[in-house]
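Sequences are here, hints too, so could you generate the full structure?
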Amino acid sequence: MLPFLLCIALIMLVWQEHFQFYLRYGLRNSRILVLNTLFLAIVLFYVYPLKFLLKILILYPVGYLLGDQTLLNDLGKMIRAQDMGHS
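Everything in the sequence shown is counted per our numbering, starting at 202 for the first residue and increasing by one.
Source of the hints: derived by calculation from the structure; they are not laboratory data.
A quick note: this is a predicted structure, and the numbers were derived from the prediction, not measured.
By construction, the Cβ of each residue, glycine as well, lies at the ideal position given by its N, Cα and C atoms.
Please note: incorrect hints may appear among the correct ones.
Taking CB as the label site, the calculated pair distances span [what the hints assert, rightly or not]:
(1) L207 - I243: 16 to 26 Å
(2) L241 - M202: 22 to 32 Å
(3) M202 - G227: 20 to 30 Å
Structure follows, in structure tokens:
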């Protein structure tokens, strides 16, 4: 539950800055609506692997994932997916 809540908190931080920007500059038209929808789709695309990364980072040091090799085997794929968003 904690990794999910951390992901939601990260989305809320991004969304708050996004909302303030559009409110400050009065950007409200159909083109902005389409771009905003695209932005939300990209954010949601990267939240799914982020949930698993946070789960590994939070629970692995405590020792809860020692029996769950599926997440550990897919860790490299998830990190590459996150890195594609940063490049």
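Comparing the hints with the structure gives:
1. L207 - I243: 16 to 26 Å: Since L207 and I243 have Cβ atoms about 19 Å apart, the given range 16 to 26 Å holds.
2. L241 - M202: 22 to 32 Å: About 23 Å separates the Cβ atoms of L241 and M202, which means 22 to 32 Å holds.
3. M202 - G227: 20 to 30 Å: Given about 39 Å between the Cβ atoms, the range is violated.
Consistency note: the structure conflicts with earlier hint 3 alone.
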